Amino acid sequence: MKLKALLALAAGLALAGVAYAAEGDVKHPEPQKWSWEGAFGKFDRQQLQRGYQVYKEVCAACHAMHLVSFRNLSQPGGPEFSEAQMKAIAASFQVPAIDDKGEVIQRAGIPADRFPSPFPNETAARAANNNAYPVDLSVIVKARHDGANYIYALLTGYADTPSEFQLLPGLNYNPYFPGKQIAMPAPLVSDGQVTWPEGNPPATKEQMARDVVAFLAWTAEPKLEERKLMGVQVMIFLLGLSVLLYFAYKRLWRDVDH
Amino acid sequence: MAHGPSTYKPTNAFTRWLDSRLPIIRFLDDTMMQFPTPKNLNYWFTFGGILMIMLVVQIISGIVLAMHYVPHETLAFDSVERIMRDVNYGWLIRYIHSNGASFFFIAVYLHIFRGLYYGSYKAPREVLWLLGIVIYLLMMATGFLGYTLPWGQMSFWGATVITNFFSAIPFVGEAITQWLWGSFAVDNSTLQRFFSLHYLLPFVIAGVVILHIWALHVPGNNNPLGIDVKGPADTVPFHPYYTTKDGFAIAVFLLFFCYFVFFNPNFLGHADNYIPANRLVTPAHIVPEWYYLPLYAVLRSVPDKLFGVILMFGAIFVWALLPWLDTSRVRSNKFRPIMRQLFWILMFVIFILGYLGAQTADDSNLVFFGIELPIGKLLLAQIFTIYYFLHFLVITPLVGLLETPHPVPESISKAVLAKKGAASAASA
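Heads up: the sequence lines are chains A and B, in that order. Numbered per the working numbering, the first sequence spans residues 1 to 258. Numbered per the working numbering, the second sequence spans residues 1001 to 1428.
No lab work stands behind these hints, which were simulated from the structure alone. Fair warning: there could be bad hints in the mix.
Some, not all, of what chain B presents toward chain A, calculated at C-beta under 8 Å [what the hints assert, rightly or not]:
no., residue
1, K1039
2, F1262
3, A1415
4, L1417
Owing to the predicted nature of the structure, the values given are computational and were not obtained by experimental measurement. The beta-carbon is built from N, C-alpha and C at its ideal position, and this holds for glycine as well.
Please work from the sequences and hints to get the whole structure.
What follows is the structure in structure tokens.
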């Protein structure tokens, strides 16, 4: 047991050494287990619903997600809120619109609306965030190398600034971020920051981070489950076709010296 | 071997009527059914058929994508995401097209290297080889243009780097670059013309492919022995013998292709291309698609931009000289003990150049699997680039003169029978 742990530690150190040598001194995210990995991977509906709540109550204060619509929340392969829940979520938002007199108004959201953005434009977003721009999160998991692991590591990786590190004013120390200092303050600061309905695991910082990463993985790749299911079917078909073609080929060439 | 007299016989009144007016069925029967093909082709010779399939896959998926894509700098990125989210099976069509480009290149590299190994470029197939190089260059241009269309960070900065090659031309470089851009920088006018050209070039490729196949059908296929077809005993009709063999190879190739499409669709891409293009933020590390990496390493091995660009295009141009640089009278490396080893060294050199092309552009030492090697990346790229050119320009002509090839069999059928005999003797 001890030997195993020692070996694991040694392997970990060796790997860390490799990572260190390859990428300067930015810390590499540790690989996590995610439910949607593998050929038969699927999202966990409850996890996506919890993740949506973390996104809505924490991330959405600064980050837009302009590629996702409310209707997506009840589509197959996603959080699969019920139709009524989804409509209630949409109606709880105010979205800009134009009324029949041409006046700019705010109205309650409908399923076809995209998620409203917290800021009207980039300049406003920067003005409110110390000149940093909170990026759109729609495809963030695909837009970062090792996306899900990286974002999980980033969300849980905030640490006290080492004494020898020169932190610029207004920035926060995070060893996983390129340059190790990030404008975004730690978004998940305390356990129980989000209140989930009964029957869900306790809202620890790690659990909230895992769930919001799952939600972001879904928004980046909303057709993932459909894709993998079809993939399995296509692979089985092609395998069968290859076998048939192979025997047809061998049968045909049996009488040819070649 | 050219095909003999046509053996097609129209079987009904309509085909007889058509045959005396437009003998298209006769043409297809001669070239795709009866065409005498050496009976000893191995699986490396199936990539021609695979490439035909990939060209058709790319054209069909591309035409459907073009129905939904919007070539405008403010709309392109979101229109691609709309394809991924709201177009029926849009995710499938896009992932087929983006991974299809990579698999098209995997197949074309294997096809080219097969030609290199078996001496398919040598007389009487020089024109066939040259047309192949034209197709490859057109594919490179098409792949590059297509990669700019999603208008992500790598699209934009890749386009900026590649179009800047032309600014290396003395005196008129800047004017030519601005003419290509249609502007003073890569912007909306560049994107729109790239889309237009990306739609055009595949049909040019299809046209050159027809010439390529025509040039194939005059001398006939080369084969692993590299010897000429001596008579009917050496060949089988293309159909059904090679339609089934190619069919099997195509199905296996599609298995690999579909693994990436369905289970790892973004593996061959770069994460930065899911960040919308931003001219104010340069990515930390601009890398081209994997299929350009060896050429990218050649380009960067020279500090001088113009010379680097010349060298990069020269790396492909030397292929065009190969039919005349190779002095050996034996085609296939199967009978060339020295050249065969040099072939694999060349493959290694190209692979390492590709690896170097993916590294950051600085002169630090190469770190390979965590071990720092005592040699700079730049120096290594220079050594391998020099070797690459030496292989074609010096080694190939010299080895052709100095090497003593193994005896070449008299005919394909005799070689086949000898192998059969040896096999049955061994098993007996």
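Quick rundown of the hints versus the structure:
Given the 8 Å rule on beta carbons, the hint for B/K1039 holds: about 4 Å separates it from the nearest Cβ of chain A. Taking 8 Å as the C-beta cut-off, the interface hint given for B/F1262 holds, the closest approach to chain A being about 3 Å. Because the smallest distance between the Cβ of B/A1415 and any Cβ of chain A comes to about 10 Å, over 8 Å, the interface hint for this residue is violated. Restraint check, B/L1417 versus chain A: the minimum CB separation of about 6 Å is within 8 Å; hint holds.
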